[in-house]
Amino acid sequence: MINWGKILVYMLILVVSAFIILPILFTIVGSFSAYWGTSMFSKGWTLKWYQDVFRYYGDTILFTFIISLLTVLINIILGTMTAYRFSQSSSRWMKLAEEVLTLPLGIPGVATALALIQTHAMFREDGYLILIGHIIVTFPLMFRTVLGTLRTKNFKLLDEGAASLGAGPFYRFFRVILPSIRSAVLSGAMLVFLLSLGEFNMTFFLYTPLRVTLPVGLYEAYASLRIEIGSAYTVIFLIIAIPLMFLLHKLNQTSALTRNGGS
Amino acid sequence: MNNRAYIRIEDVFKTYPDGTEALQPIRLEVQEGEVLVLLGPSGCGKSTLLRLIAGLENPSGGRIHVGGADITDLPPEKRGFGLVFQQYALFPTMTVEENIGFGLKVRKKPKQEIIRKVNEMIELVNLEQWRKRYPSQLSGGQQQRVAVARALAIEPNLLLMDEPLTALDAQLKEHLRIELAQLFRRLKITTIYVTHDQIEAMAIADRIAVMNKGKIEQIGKPEEIYHHPASAFVAQFVGQVNRLEGIARKRDDGFRVNVGFHELRYTGEQPLTDGDLMTVFVRPEDISIADGPDSFAATVSEVIFLGDRFRVIADTGTQRLLMDVPNDVLLQNGKMISLNISENKLIFTKESAGRNTP
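As you go down the protein sequences, you meet chains C and Z in turn. The first sequence begins at 10 in the working numbering and counts up one residue at a time. The second sequence begins at 8 in the working numbering and counts up one residue at a time.
For reference, chain C alone in the conformation it holds in the complex (with noise of 0.2 angstroms):
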């Protein structure tokens, strides 16, 4: 018997997946079009956008690494020794601090970007400025995470188990409770990676002409040169991001194989 139910759910999954996959796809295929005009490939293909991308923007690439790797660093350590002490306290202020912290998710970039140029204008030229609200922006997520992976198990017991044994609060904290979360904070720094390497709205207000990340470069190939360029540049981001998302995925899947083991 034919379960049409079933033939139902595949054809949805299969016309929402295309529904998102098909602009990528026309990108993708259109950045090695010589001219996207009605049709894609009315005078042939080439490989000169991505000369081009090269030419024009390859210092925002760099920059833009530069920029996503320090986040990723500098919330490493904030993120995590700040869900470690967090994790520790029951405290009814602890509480509220912890969603304090949790604020630069819920407001506008937009927000957060004309806030920092109020308070801190002298960063913005030499693109400081852009690095602080990166770390701003994508703490939460980093934080989250850790402190989300603390509260599964009783880390307090390990501390006091190490502390008993004669070890330092450094010493237990980087020998014993990091390890133990090691999942955690590298699928905390994925995320903040990849937040970071996309992030367009708050950038785009903190950006000067001689410091530009990657997704505002892509924002003005799209404004102001061609479509194709535009698309050229889209595939590189892509050539960057996906690898990293499916490393994410693969990294939550063995966390959660691992989570509930242990004592």
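Keep in mind the hints are simulated off the structure, nothing from the lab. Any given hint could be a false lead.
[Claimed, not checked] Under the rule of at most 16 angstroms between Cα atoms (straight-line distance), these lysine to aspartate or glutamate pairs were calculated in the EDC-like manner:
no., chain 1, residue 1, chain 2, residue 2
1, Z, LYS85, C, GLU169
2, C, LYS165, Z, GLU64
3, C, LYS165, Z, GLU84
[Said to hold, decoys possible] Facing chain C, a subset of chain Z residues (Cβ under 10 angstroms, in silico):
no., residue
4, TYR13
5, THR100
6, LYS180
Cβ atoms here follow ideal geometry from the backbone N, Cα and C, with glycine treated the same way.
Given chain C, work out where chain Z should sit, using these hints.
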């Protein structure tokens, strides 16, 4: 007690910020090599006292001395006490060997010495074939043995154990209880052991401190606690007991306590006057089936087979009595029996002294 006591706890108390009095001022001394068990129901303050000694919590007042030094203000990592928790607290990212060697690695001991000590500990707790495993690959009993080995590896001058067997199933618990008791005797290590299980306490302790509501109710050898409980609470918490209400009556040959269905010869030490309200505690094993001038009648109302014996509930008409009967005596519900109470083991408390009544 003398001033050569190894651990001296002087008026230590703990009050939480919300006003909860977890621990009333406690005075306690433990001798070197002694195994002291803190026994009591949950919330009696036994774990709090242990955590204060371990340095995991700070006392609200009082001092703690160990080996002549005041350690009250030292952080736990500076105390050098071995600590074993109910939930094992093994490091999940380290193997059995690494867990056991952790304390030595922290102390920056030479590699050779660490290997030697870890081997010695693994042998001590019988985990030879598990040494390369991770905690998640071990059973609860194995994990707890690793925890004990890890705590002993640093050669602590004091071992603190917080309900170490509570998370294990009954059979394993009994097995590990015997192992631990043997270990304590062999190593002669000063130990403070917290449990709510009176059987465990009896098996392991040199002395037991029975705690209730943040106070020590009685401290003494297990036999003392069992046969001469200092309060109604201790009598009822340690072992099974029948609680009988009665009135003191002066007779020609001394006092007797009338408990309604019977009159018991008073063997207590407190002076009585005729008409005093009394509470008498009788252990189930001190009631037996016997015919004699001092026996009384009862009906069997329930028989529970415990394997090594029967636990029988006998009804005298005014009182239900728990009693033990050998497992080869067959009884049926409703059968009339004649009972005897061995009078030299009774525990009397005078009601007017009342403060210990739970």
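Outcome of the hint check:
1. As the CA atoms of Z/LYS85 and C/GLU169 are separated by approximately 13 angstroms, the hinted pair is consistent with the 16 angstroms bound.
2. Among the hinted pairs, C/LYS165 with Z/GLU64 is consistent with the structure: their alpha-carbon atoms are about 13 angstroms apart, no more than 16 angstroms.
3. For the suggested pair C/LYS165 and Z/GLU84, the alpha carbons sit about 14 angstroms apart, so the restraint of at most 16 angstroms is met.
4. Below 10 angstroms, beta-carbon pairs count as interface contacts, and Z/TYR13 has none with chain C, the closest being about 19 angstroms; its hint is therefore violated.
5. At a threshold of 10 angstroms, the smallest CB-CB gap from Z/THR100 to chain C is about 4 angstroms, leaving the interface hint in force.
6. Hint on Z/LYS180 is violated. Least Cβ distance to chain C is approximately 18 angstroms, over the 10 angstroms limit.
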